[in-house]
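All letters in the sequence shown, in the order written, are residues 17 to 90 by my numbering.
These aren't lab readings, by the way, just hints derived from the structure by calculation.
One should not assume that every hint holds.
Simulated crosslink set (DSBU-like; lysine-lysine; CA at most 35 Å straight-line) [as the list claims (entries may be wrong)]: (1) 33 x 62; (2) 33 x 58; (3) 58 x 37; (4) 62 x 37; (5) 35 x 62; (6) 35 x 58.
The following label-pair restraints were derived from C-beta to C-beta distances [what the hints assert, rightly or not]: (7) 24 x 44: 18 to 24 Å; (8) 75 x 33: 28 to 34 Å; (9) 43 x 79: 28 to 34 Å; (10) 89 x 53: 15 to 21 Å.
Note that CB positions come from ideal geometry on N, CA and C, so glycine has one too.
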Amino acid sequence: MEELDLRGVICPYNFVKTKLKLDTMNPGALLSVLLDEGDPIKNVPKSIQNEGHHIQSQDLLEGYYRIVIQKEDS
Numbered sequence: 017m018e019e020l021d022l023r024g025v026i027c028p029y030n031f032v033k034t035k036l037k038l039d040t041m042n043p044g045a046l047l048s049v050l051l052d053e054g055d056p057i058k059n060v061p062k063s064i065q066n067e068g069h070h071i072q073s074q075d076l077l078e079g080y081y082r083i084v085i086q087k088e089d090s
């Protein structure tokens, strides 16, 4: 599983970087994304699901979140 650390990255750049990374991955692959509280965790998962991808998990760690995304099967 690949990981993107987007803590400190503001909206909408965190979504754009996540989308660009997913575009390089194979269908069904998993991507772990680290996001800050607030707008990033509110907006990125919703936007990723709107793109057709699946959020497998969303966990609060020590002051930030880790979401695991499964890239849509084409």
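Each hint tested on the structure:
no., hint, result
1, 33 x 62, "15 Å, holds"
2, 33 x 58, "16 Å, holds"
3, 58 x 37, "19 Å, holds"
4, 62 x 37, "17 Å, holds"
5, 35 x 62, "12 Å, holds"
6, 35 x 58, "16 Å, holds"
7, 24 x 44: 18 to 24 Å, "29 Å, violated"
8, 75 x 33: 28 to 34 Å, "20 Å, violated"
9, 43 x 79: 28 to 34 Å, "33 Å, holds"
10, 89 x 53: 15 to 21 Å, "31 Å, violated"
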